[in-house]
Amino acid sequence: MDGLLPQLDVVRKDFPILERTLAGNRPLVYLDSANTSQKPQCVIDAMVDHLEHHNANVARAMHQLGAESSEAFEAARDTVAEFLGAPSRDEVIFTKNASEALNLLANTMAWAGDRQVGEGDEVLVTEMEHHSNIVPWQLLTQRTGATLRWFGLTDDGRLDLSDVDSLITERTKVVSLTWVSNMLGTVNDVAAIARRAHEVGAVVVVDAAQAAPQMPIDLASMPVEERPDALVFTGHKTVGPTGIGVLWGSRALLDALPPFLGGGEMIETVRMEGSTYAGIPHKFEAGTPPIVEAVGLGAALRYLTDLGMDAVAAHEHAITAYALEGLAGVPGVTVLGPQDAADRGGAIAFELAGVHPHDVAQVLDSRGVAVRAGHHCARPAHARFGVQSTTRMSSYLYTTPAEVDAFVEALEAARTYFGVAS
Amino acid sequence: MDGLLPQLDVVRKDFPILERTLAGNRPLVYLDSANTSQKPQCVIDAMVDHLEHHNANVARAMHQLGAESSEAFEAARDTVAEFLGAPSRDEVIFTKNASEALNLLANTMAWAGDRQVGEGDEVLVTEMEHHSNIVPWQLLTQRTGATLRWFGLTDDGRLDLSDVDSLITERTKVVSLTWVSNMLGTVNDVAAIARRAHEVGAVVVVDAAQAAPQMPIDLASMPVEERPDALVFTGHKTVGPTGIGVLWGSRALLDALPPFLGGGEMIETVRMEGSTYAGIPHKFEAGTPPIVEAVGLGAALRYLTDLGMDAVAAHEHAITAYALEGLAGVPGVTVLGPQDAADRGGAIAFELAGVHPHDVAQVLDSRGVAVRAGHHCARPAHARFGVQSTTRMSSYLYTTPAEVDAFVEALEAARTYFGVAS
Amino acid sequence: MTAGGTGQDLDALYQEIILDHYKNPLHAGLREPYEAEVHHVNPTCGDEVTLRVHVSPGEDGDVVADVSYDAVGCSISQASTSVMSDLLIGKPVAEALTVHEEFLALMQGKGTVEPDEDVLEDGVAFAGVAKFPARIKCALLSWMAWKDAVSSASTTQSNGGDA
Amino acid sequence: MTAGGTGQDLDALYQEIILDHYKNPLHAGLREPYEAEVHHVNPTCGDEVTLRVHVSPGEDGDVVADVSYDAVGCSISQASTSVMSDLLIGKPVAEALTVHEEFLALMQGKGTVEPDEDVLEDGVAFAGVAKFPARIKCALLSWMAWKDAVSSASTTQSNGGDA
Ligand SMILES: Cc1ncc(COP(=O)(O)O)c(C=O)c1O
Ligand SMILES: Cc1ncc(COP(=O)(O)O)c(C=O)c1O
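Residue numbers (my numbering), protein chains in the order written: chain P, 759 to 1180; chain Z, 759 to 1180; chain Y, 29 to 191; chain X, 29 to 191.
Pulled out of the complex, with its shape left as it was, chain P reads as follows (with noise of 0.2 Å):
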């Protein structure tokens, strides 16, 4: 099959859990990687050695450990900056994960900054969002006076843009949206939108959480008019820890917010009567921040960059071509998003007729092969499509083409199981 990792069964290898086998004997057949991705090798290596023979606090320790800890967080840091080709380092910020670092940016739009969002003004997003790209925004609003709009859906599961100039408008103050849906598996055309929303001086967020995983992001290249002005990643889909994700934003963004956690770290002085702040990534990150995930993520991204995301991208791209074929051969199957996989990432959520999606996936996974079922956090783009759940399955850099080969089967023995084979 073209454009395949080369060496596959030598990635493999990197990944411990891979040779995993569950009830009856099956071997792990991982499909759910768009929910969280599986670990090499290197990166519980890093993490490990770190705990054994580096750990210490960062920034506030000034003795050996202290310096070796702080150099190894900080060198995540750079490696983030270089992954995401991101204009400074100092525009990382380490969150918790994705979700936390868009509640970053909508709960500190809600106080006083000249991003604040108040009554009148609108913050738009799209009916595919993640919850966690929805609710943030949600609160921010309700929370405000302001008002939430969005894109709806056309039928292929694209953004509906023909409302796209009553819907950008001088009073939209935040334009959010994802890349890469993962739900429809949809990649949207961000350079774009970015580009009309920022006509009207509105922030862009991008939820990159499905995209950093499955494509190269370089910023610094983006036209200025098109790069979006914050971008978030989540480290567990990216084979890193969880514990982690990364807000960037561009500094002038940063600059402007007013802070999110208060604490340790992200001072310049505290006086009972009041405090000043230290300047950006420092300002974000309050508290002891995630340093074994830190130096986790950092060996995650170098290990997906020595494979190339050229490649990566790739292999994705051709896995999940093979996934729509094979899908297209089980008689009851409606894919949902785009059904051709260009332009496509590798989520694909579908129905098979007359088998609720929870024992689609009881029966793969009785067979050892694990996808989610349910409404994958996009309840409002199921409800869109008219549906109350899917099961989704989810390939990355790690999954053969014979993976795919045992999910249709497995599908198959679902329809015989409930008896919808004909």
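Just so you know, these hints were derived from the structure itself, not from any lab.
Take these hints with a grain of salt, some might be off.
Derived Cβ-Cβ restraints for the label pairs, each shown as a range [stated by the list, open to error]:
id : chain 1 : residue 1 : chain 2 : residue 2 : range
1  : X       : Gln136    : Z       : Ala1010   : 50 to 60 Å
2  : Z       : Thr1063   : Y       : Ile45     : 35 to 45 Å
3  : Z       : Thr1063   : P       : Gly876    : 31 to 41 Å
4  : X       : Thr140    : Z       : Arg1009   : 54 to 64 Å
5  : Z       : Ala833    : Y       : Glu130    : 23 to 33 Å
Stretch-level coverage of chain X by chain P, calculated; a stretch enters the list once three of its residues show a Cβ under 8 Å from a Cβ in chain P [what the hints assert, rightly or not]:
id : stretch
6  : 69-75
7  : 159-167
Cβ coordinates follow ideal geometry from the N, Cα and C atoms, glycine included.
Following the hints, put chains Z, Y and X with the ligands in place on chain P, whose structure we already have.
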């Protein structure tokens, strides 16, 4: 020496980093545990086992790995609940660190709800708080028009309760204080203050970041008038990993607070027009939680429980007494805070006449002795005593009397190096 | 670590009785009269149930006169709703609450609780579900809704009634 | 991983020159006139400096006429302030900025940059500091303050002046 942990040398073998040698082939003498603690092998192993064999997202994943991961994650919640003697395991919220837990409380109290803080209301803290228990309340009071007040300190580093009647009044909505000071070592009478604060209907928040590692806590056994309404601690100081903290809150308090971060897992139903939220604990856990960190924290708290928190407290007490004794013998040393190990935590901040704390720490570091120099995120307490910064030594369950000796010797060396030895 | 779901286990989960109730659910639909209506969802997967309870006075206290519902969800949650309504309709509220507790204990017993067929009747078919942690919520969705509804139905009654 | 601070290294850090400046700091105190005053702190340790810059017009552009300060901090930060003020006072602003860059490069060079004694004079004594990551901020505190002050001093001048 009385009170030391039995088989201290065996216990030390649990901590791989204690085998480390530093520059000049010096063995590590780690006396910076109030900053962050070292990790036993069992914590590291639990994390590795999870990453290598059970990694999956929680709650939302229905497959076998998902079930294993969810079970491990929720088991960690049970372990935390037991460690604190929490009345209910659902009252245990995982945050990213202690600072986030405090901010969660302060941030949500700005918004509509039974516990909303507004103009005319007062929040009461103390002058010995860590910045993480000052700045969040400054942000809250500044943003809502409420007033921040604080208990001052007596010359021997205890809370000055002489004006308690004018400080705790009907206007007081929140009293937030540390159980054990990270700078002065003072142990506060949390029960007495909680009783007073509850009389006026205030919410009582206890920062147990330094208490949880050193002393047994049993919330359920505290009379309800004396029991805090919320208590926070942080994983990395209790031999657990970074990236995880704990907020325990009474159900009554947590139910009364509006949501903090919005996103996946904290919702009940999401529609574009508005959302409803899950019950506790999930209501406050937006996004993918710190899964592998929870697994590590669970292992850490089981480790502490196996040693016995009474035994840990006794050890800490014995070492602190020995260190205070040693310091008393070094000319020019002034210890801040209670001079006596009775009723005192294990952090000892001091001045050495004629040598700046950075320079003290540097000389100590050159001999492998790791201490912290600066204001230890407690600048107001330093200002109270008219000092800009101090050196702090802080022991933990793995600290030996011989390490204290090495520390005292190193102080003498610093005096000699800077020519202040007579 | 326990792990549910081998090929063999599938049949333990999807007992014939469960599949029958799934295909032909009993007492489905929303009916009048009722004293309480609740709406419960499983936030992770989106399964939903709207459930009504009609309680009427009996010789030895209140009786569950009717349980009616509108539900979307998987085979386990659908079958569980059907089995539950059939089991509880006609029972004194006090007894129904005992059945509820018995079912809860079975589900939370991690597969170690021996179900009492005299009490649970078709409900014993759910014994296998207890070994699939991810599906326990499915089986419990409507039971939790019923508990919620019945307690407010009783409140509603005692509020509205004479006693 | 680099690691500073063996017993031997201590002397590399605490050069005689540094300890001399620490004990007898030059140009200390706050003086008039000045165009800009800034206050910088090292948030982690609390070291602070209040620093004033007086700029006056010279033949080939502005000259750093005075640098005065009030500082609390460790030996490295105190000595650095003293060395800096002695080095920059009297220099044309343009040249002083070059010296500033040279010192910055030295500090951020992780011990690999060979300092130019002609440019940095007593500042070369700080070469050893570059190997102690935690102390670099100490050495740079007042240099950063000066840079900040001198740029607003120039702005102030051009705002207030005729040119
Ligand atoms: C008393 C006290 N409170 C709060 C904190 C903050 O903990 P963290 O940095 O993990 O948020 C600390 C430790 O730094 C502390 O010592
Ligand atoms: C598109 C998208 N946005 C945001 C998130 C939230 O990421 P996290 O749960 O790590 O905060 C996810 C993943 O769950 C996602 O797929």
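Consistency of the hints with the structure:
Separation of X/Gln136 from Z/Ala1010 is about 53 Å and conforms to the stated range, judged on CB atoms against 50 to 60 Å. The given range of 35 to 45 Å is respected by Z/Thr1063 and Y/Ile45, whose C-beta atoms sit roughly 44 Å from each other. Checking the proposed 31 to 41 Å range against Z/Thr1063 and P/Gly876 shows it is violated: the Cβ atoms sit about 50 Å from each other. Between X/Thr140 and Z/Arg1009 the beta carbon distance is about 59 Å. The supplied range of 54 to 64 Å therefore holds.
The supplied range of 23 to 33 Å is met by Z/Ala833 and Y/Glu130, whose beta-carbon atoms lie about 25 Å from each other. Only residues whose C-beta sits within less than 8 Å of a C-beta in chain P count toward coverage, and the stretch 69-75 of chain X has 4 of them, enough to reach three; the restraint holds. With a cut-off of 8 Å between beta carbons, the stretch 159-167 of chain X has 4 residues touching chain P; three or more are needed, and the interface restraint holds.
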